[in-house]
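Assemble chain B onto chain A, guided by the hints.
Chain by chain, the residues run as shown.
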Amino acid sequence: MTRNHDASTAHPSLDEESLLPRPTRRTVLTAGSVALGGAGACTLAAPFLDSLRRTRASSAASTQEETVLDISVQDLEPGAHKIVVWQGMPVAIQRRTPEMIRALEDPALLAQLLDPQSRIRQQPREAENAHRSLRPDYGVYVTICTHLGCVPDYQNITSLPASGGFFCPCHGSQFDGAGRVLRNMPAPYNLPVPPLHFVDDHTIRLGESLLSPHYGMNSIQQL
Amino acid sequence: MNDNTHPTRSWLDSRLPFLRPFCQHMTRFPMPPVNLLWTLGACLMVAFGLMVVSGLFLSLHYQPDLAQAFDSVEAMERRVPSGWLIRSIHTGGVSLLFAALYLHVGRGLWYGSYKAPRELVWLSGLFLMLLFMTTAFAGYVLPWGQMSYWGATVITHAVEAIPGIGHGLLVYLLGEDTLGGVALHRFFILHFTLGFIIAAVVGLHILCLHGTGSSNPTLDSPHPDRTTRPFAPFYVVKDCLAVCVFLALFAGLIFFLPGLLGKLDNIIPANPLKTPTDITPEWYLAPWFAMLRAVPSRLGGLIAAATSLLVLFILPWLDQSPRHNATYRPLARMGLGLFFIAFIILILAGMNRATPLWVWLSRGAMLVWFLTFLGLLPLAAYRERQASDASTQGDAP
Numbered sequence: 001m002t003r004n005h006d007a008s009t010a011h012p013s014l015d016e017e018s019l020l021p022r023p024t025r026r027t028v029l030t031a032g033s034v035a036l037g038g039a040g041a042c043t044l045a046a047p048f049l050d051s052l053r054r055t056r057a058s059s060a061a062s063t064q065e066e067t068v069l070d071i072s073v074q075d076l077e078p079g080a081h082k083i084v085v086w087q088g089m090p091v092a093i094q095r096r097t098p099e100m101i102r103a104l105e106d107p108a109l110l111a112q113l114l115d116p117q118s119r120i121r122q123q124p125r126e127a128e129n130a131h132r133s134l135r136p137d138y139g140v141y142v143t144i145c146t147h148l149g150c151v152p153d154y155q156n157i158t159s160l161p162a163s164g165g166f167f168c169p170c171h172g173s174q175f176d177g178a179g180r181v182l183r184n185m186p187a188p189y190n191l192p193v194p195p196l197h198f199v200d201d202h203t204i205r206l207g208e209s210l211l212s213p214h215y216g217m218n219s220i221q222q223l
Numbered sequence: 001m002n003d004n005t006h007p008t009r010s011w012l013d014s015r016l017p018f019l020r021p022f023c024q025h026m027t028r029f030p031m032p033p034v035n036l037l038w039t040l041g042a043c044l045m046v047a048f049g050l051m052v053v054s055g056l057f058l059s060l061h062y063q064p065d066l067a068q069a070f071d072s073v074e075a076m077e078r079r080v081p082s083g084w085l086i087r088s089i090h091t092g093g094v095s096l097l098f099a100a101l102y103l104h105v106g107r108g109l110w111y112g113s114y115k116a117p118r119e120l121v122w123l124s125g126l127f128l129m130l131l132f133m134t135t136a137f138a139g140y141v142l143p144w145g146q147m148s149y150w151g152a153t154v155i156t157h158a159v160e161a162i163p164g165i166g167h168g169l170l171v172y173l174l175g176e177d178t179l180g181g182v183a184l185h186r187f188f189i190l191h192f193t194l195g196f197i198i199a200a201v202v203g204l205h206i207l208c209l210h211g212t213g214s215s216n217p218t219l220d221s222p223h224p225d226r227t228t229r230p231f232a233p234f235y236v237v238k239d240c241l242a243v244c245v246f247l248a249l250f251a252g253l254i255f256f257l258p259g260l261l262g263k264l265d266n267i268i269p270a271n272p273l274k275t276p277t278d279i280t281p282e283w284y285l286a287p288w289f290a291m292l293r294a295v296p297s298r299l300g301g302l303i304a305a306a307t308s309l310l311v312l313f314i315l316p317w318l319d320q321s322p323r324h325n326a327t328y329r330p331l332a333r334m335g336l337g338l339f340f341i342a343f344i345i346l347i348l349a350g351m352n353r354a355t356p357l358w359v360w361l362s363r364g365a366m367l368v369w370f371l372t373f374l375g376l377l378p379l380a381a382y383r384e385r386q387a388s389d390a391s392t393q394g395d396a397p
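Just so you know, the protein sequences line up as chains A and B, in that order.
Its first residue numbered 1, the first sequence is counted upward by one per residue in full-length UniProt numbering.
Its first residue numbered 1, the second sequence is counted upward by one per residue in full-length UniProt numbering.
In isolation and in its complexed conformation, chain A is listed as follows (with noise of 0.2 angstroms):
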C-alpha cells in the first residue's frame, strides 16, 4: 500500500494533461485566426459557386410555353413518322399500320427484348401496355438513347417482325418499334415515353399527361 503510493507521489505530473503539450498563446492565436479566416473563404466561394447553378428563368410565361408543345399529326400517313424538339429533346412521332401494331406483339420480337412487358418505369402507366403508348397506332418516344445520351436513328431492324425500330449508331444498340431495348445491347433501358395527351384526333400535346398528372421526365429510371 506504501509502495503504491510512493509511485503515484513518484510521478505526480504523470496525468492526461501533461501529456499534451501546452498550447501557446501563439499557436491558439494563430489556429483561430486560420479557422476564422477559411470560414471566411468558404462563404466568399458561396455566391461564386451559386452562380454556377442554372439561371432562374425570365418568367413563369415562357417556362409554360418550354414545357407543353402542341403537334399536328395530321399530315403523318400511316408506316410514317416525324421528329420534333420538345424541352431541347428529340422526340419521335411514327403512325403504324395494323402490320406494325401486330408486330409489336409477335411472340418472336417478345423473346429478343429485354423488358418487352414495359416493367421499369420508362413510361407513364397508361404506356405500359402492348403497344407502348396511348393508343395504338400512334408510338411516341424520346430518341436519346439509354447508354450515353447518343440520338438513334428511326430504321426497321431487319431481322426482326417489321414493327419499326432505333438504331443507336454510337454503340449499336437497337430498339424496337415500341423503343423497347433488345437483350444484349449497350442500353440498359427502354426508350423513354414523354408525359403526353391527345388534345383531339390529329393534335398531341406533349408535356402533359391527364392520367398520370405528375409524371415527367425526373420520374423515370434513367433518360
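Honestly, the hints are just simulated from the structure, not real lab data.
It is possible that part of the hints are untrue.
Unchecked claim - Cβ-to-Cβ under 10 angstroms is the rule here; a few derived chain A residues that face chain B:
no.	residue
1	Arg53
2	Arg56
3	Arg119
Cβ atoms here follow ideal geometry from the backbone N, Cα and C, with glycine treated the same way.
Just chain B now, kept in the frame of chain A:
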C-alpha cells in the same frame, strides 16, 4: 520549425529548388518600421484578386454583343443565382480598389518612395495605375447602358483631337465609323486581357520593391529608427489586420449602400440618338475628365490630362533631394498638401456640372498640380541639397 526534415518539403525542394530561397526571402524580408499606410499594398492585392475572380464569373454570363450586352447584364442581376452579389463585388470593388490605389500613390508621394533607388518601383506602380484606369474605362463600357455608351463616345472622341491622324486613329481603334458592336467586342477583350497583364505587372512591381526594400519613414525624423523586423509574422499580421478592415468596408459598401456608386442612367439601354442630360464619369476618372473640360481647346485638354500623369513619371528626377519624408520637408509638405486638396477638388469638379465655378476651381487645381511637381518640389530639392552640401562642407574642416 524543422521544415527541412519534413519529407514532403524535401521532396518539393529537390524538384523545385528555387522554392525554398523564395519562401525564405518572402518571410524574412527585412521591413523598416513602416506605419499603417504601408498596408495599402496588401489591400490592393486583395481587391485586385476579388476583381479577377468576380470578373471571371461575370464573363461566364456576359455577351459582348450589341443586341445582347445590356440584357445579359440585366440577367446577371435578376436571374443568375447570386449574380447580383458577384456584380456588386465587381462594380463596388472598383471604387474601393481605386480609393486604395490613390491612397497608395499618395503615400508614395508623401514619404518620397519614388526616390532613388526605388525609381522602378515608382514607374511600374504608375504604369499599373494607367493600366487600372484603362481597364476600368473599358469595363464601364461593357454593360452598354446610356452612361457606358456616352462616356465611351466622349472619351474616344478625345482621340480625334490629335492633329492629322486623329480621325483615322479613332476609326481604326473603334473598328468602324461609330461606336458599335465591333468596338464593344474590342472593349470586352481589352478589359478581360488587361486583368492578366495587370497581374504580371503587379509581379514586376513587387519584384522591384523586393530588390531595394521598403522605404523607411523615420530616417528623416530627429530619431531615426534603423531596426528591421522580418516580414513574417510581423508585417503579415499587420497586413491581415488592414485587409480585415478593408474587407469590412467592402462588405458594408456592397450590402448596405449598393446604390451609392451606381448611376441610374446606366440602367437605361444605350441609345445612340439621345445623350443623357448629365454625363458624369466614375469618380476615379473624374479628375482627368475635369481637366479635359477646364481647358478651352480640345487638343489642349488632352495634352494637359496626359501631362498631368507624365509629370508623375519624371518625378524621381524632378525631386532629387536626399530627404524622403515630406513631414520633415516644409516646402514639400505644403506643396503635397495643396496637391492632395487639388486632387479632391478635381474629383468633385469632374462629377459636377461644368458651371463657371467648377471650371475655375479645376483650373486652379490644375495650376496647383503642375506648380507642385514642376516648381515647388524641384525648388525644395534644390534648397535641401544646398543645405546638406553646406552641412557636409561645414563638417569637413
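To see whether the hints hold, each was checked on the structure:
{"no.": "1", "hint": "Arg53", "in the structure": "holds (5 angstroms)"}
{"no.": "2", "hint": "Arg56", "in the structure": "holds (4 angstroms)"}
{"no.": "3", "hint": "Arg119", "in the structure": "violated (39 angstroms)"}
The structure fails to meet hint 3 from the earlier list, while all remaining hints are met.
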